[in-house]
Amino acid sequence: MNRRTIIPIGPYHPLQEEPELFKLFCEGETVVDIEFETGYNHRGIEKINEKKTFDQVFFVVERICGICSTSHPFAYANAMEEIAGIEIPDRAKYIRSIIGELERIHSHLLWVGLAGHFLGYNTVYMWSWKYRESVLDIFEMITGNRNNYAMFKIGGVRRDIPNSMIPEIRRMLDSLKPKIALLTGAVMDDPVIHARTKGVGILTPEVIRKYGAVGPTARASGIAIDVRRDDPYAAYGMVNWNVITAEEGDVFAKAKVRLLEMVESVSIIEQCLTGLEKTKEGDTETVVREIPPGMGFGRAEAPRGEVFHFVRSDGSNMPVRHKIRAPSYVNIATFKESCIGQTVSDATIILAAVDPCYCCTERLTAAYQMVSDVRRLDGMELIRLSHEKTRNIMSQLENPGSPQKKD
Amino acid sequence: MIAQMEEIFRGEFTTDVLETTVLNHKRMVVRIRPAALLEIVNFLTEDKRYRFIIASGISHADHFEILYHLSDDSTGYILSLQVELPIEKPEIESLANLVPAANWIEREIHDLFGITFLNHPNMVPLIANGNWAADEHPYATQGRRGAVAESHEQGSATHQKGDSRLRNINKDL
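Protein chains in written order, with this note's numbering: chain A, 6 to 412; chain B, 23 to 195.
No wet-lab data here; the hints were simulated from the structure. As the structure is a computational prediction, the values presented were derived from the model and not from experiment. Built from N, CA and C at the ideal position, the CB exists for glycine as well. Treat the hints with caution; some may be incorrect.
Claimed, not checked - Calculated pairs, EDC-like style, for lysine to aspartate or glutamate (alpha carbon to alpha carbon, straight line, at most 16 Å):
# : chain 1 : residue 1 : chain 2 : residue 2
1 : A       : Lys203    : A       : Glu252
2 : A       : Lys215    : A       : Glu342
3 : A       : Lys215    : B       : Asp95
4 : A       : Lys215    : B       : Asp94
5 : A       : Lys215    : B       : Asp69
6 : B       : Lys48     : A       : Asp235
What the hints assert, rightly or not - Coverage of chain A stretches by chain B, computed from C-beta distances (three or more under 8 Å per stretch; other residues unrestricted):
#  : stretch
7  : 168-179
8  : 208-217
9  : 312-323
10 : 328-335
Make the full structure from the sequences, and use the hints.
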C-alpha cells in the first residue's frame, strides 16, 4: 500500500488553544510517521523578561500557561530565592503548596474531562468539568481570581489565608473528595475506557529516558521522578505524601496516575491547612532588599511535570538571562515514539495523553498519492464519499451475494 | 553533597574541566572545554544516570555561552556544563545523537542565537520557521542594534515573511 494521507491537526484548529501543527502521515488507518511544527506564536517571553524588573517578571510568567498559571511563578520564585539565598517563612511555604496542589487538582480534572471528550465519552467530560468548578471556587475565595492568582512574590506570598477561612476550605475539600472518588471509579471500572486506552500509545521507560520526559508521562511508565520529592521546595518536605506511579506506560496508566494524584493533593492540602493553623497569621514574607549577582535554578512540579527556570542576575534589578523550560517541551517530543503504528482514532487520545491540552478530531483536508498526484478533499467531497460508502453498504445488506463495489 | 561530585569530576576529566563553581549544596556550574562536551555528557547521562533538562544560550558582548543543565533525580542536584564559544565562529558538536532530548533545544538555540550545531540529525528551524529571515538571530545581541532598528522600520516587509510561511504550509498539504 503506497497511498499515504496527511492528516493535519493545526496550525489553527478550533479546539486547540495554541497554534501548532501536527502532520499525521497515514497509510489507511495507521499512522506511519508524525511531524511537529511550532513557533507560530513565539511570544519572546524570555527576551521580554530581560527588560522587566524582578518583581514584574512574575506577572509575565504567570501568563505563560492559562491552566497551570502558578507553576511558572513557583519555579521563578524558587530560582530567585536561590540567588538571594533566603528562606521564606513556614506560613508562606504552606500557602504556596496549597495553591500548587489546588491547581494540580483542577488541571487534572480538566484533563480527565478532555480525555473523555476525545474518546467520545462526554458524560465524563461534563462531570469532571462540573467538579472542577468547585476547585475554582476555592481559588476565588482565597485569591480573588479563578485563574492567574498573583499570589507569589520573591520572599513569600502576596496574600495571607486568614485562619477564619480554613474551616470553609476544609468543608469544600470534604465535598470534593466523594466527587473525585466517584470519577476515579467511573473511569477505572469502565469497560469502554479500558477498551480505548489500555495498551494504546505505550511509552517504555527507555523512551522516557531518551526524551527526558517528566511528570505524569514519566511516572505512568514506572519512572518515579517528582521534583516535589527529589528536590523539595515550599512545604513538600514537611508533609507526608506518596509519588504515584504505574508500570504500563499506556494511556490508561496516565489517566490512573492523574486520578490518584488528585487524592494525594487533597491530603497534602489538608496537612498544609493544619500547618497554617500552627503558624502565626500574617507572617507570610521575608523582605528581600536586593538581588545579588549570581545564577538561580528554580524547579517546580507543575501538573504536567517539571518546570525549570534559570535566572542569571548581574546585581541590577533586571535578569540578564531568563530561560524557561515548560514540561510539554520535552513531553511532546515523545509523540514520535508513541503514535507510530497506532490508528488515527487512537492517535488523538495518545497526543492528548501527555496533556498538551488541545483537542483534535479526524479533520481530513488533504490527501495525496505517493506518485506525486496531489488531490485535495474539501468538505463537499468528504460528504460525497461518505454518501457513496453508505449506499455501498446498504446495497450490500440488501443483496448479500453481490460483489463489493470498489470506491 | 555536590562537592563530592566536584572531586569525581576533577579526577575523571583533569584537563577538560576548566573551572568548577559550587553555588550551594545542590547546584554546581562546571566550565569545560567545548571539545570535551560529548564525552562529559556521556559520562553523566550513562554512568551517573543524569537527566538532560535543557540548554540555555547567553549572548555576551564578546562571546556566546551555552549552559547544559542536567539533573540527578536521585539527589536533586542540578549540574550545569558551561561552554564558551567565540563570536566569529560559534559552533559546537551536537548532543542530539547522544541525548535525543537535546534535539529541539539545539534547533531553538540555532534560531535565536545563530550558533551552529555540528552533525545535528535534523537541523531545520524550530521556531524561526519562516517568521523572520534565516540570517536574523534575535537573541544574539552583539553589534546588532542597528540591524534591529532597521527591521522595525520595515515592519510591513517582515509581516510578508510571516505570511509566506502559511503559504508554504498550504503548498505542502
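Hints versus structure:
1. A:Lys203 x A:Glu252: 12 Å, holds
2. A:Lys215 x A:Glu342: Status holds; Cα separation ~11 Å.
3. A:Lys215 x B:Asp95: 15 Å, holds
4. A:Lys215 x B:Asp94: Satisfied, since the Cα-Cα distance of roughly 15 Å is no more than 16 Å.
5. A:Lys215 x B:Asp69: With Cα atoms ~14 Å apart, lysine 215 (chain A) and aspartate 69 (chain B) stay inside 16 Å; holds.
6. B:Lys48 x A:Asp235: OK: lysine 48 (chain B) and aspartate 235 (chain A) at ~11 Å, within 16 Å.
7. 168-179: Contact hint for the stretch 168-179 of chain A vs chain B: violated, 0 residues under 8 Å.
8. 208-217: Coverage by chain B holds here, the residue count being 4 at a Cβ distance below 8 Å.
9. 312-323: holds (count 3)
10. 328-335: holds (count 4)
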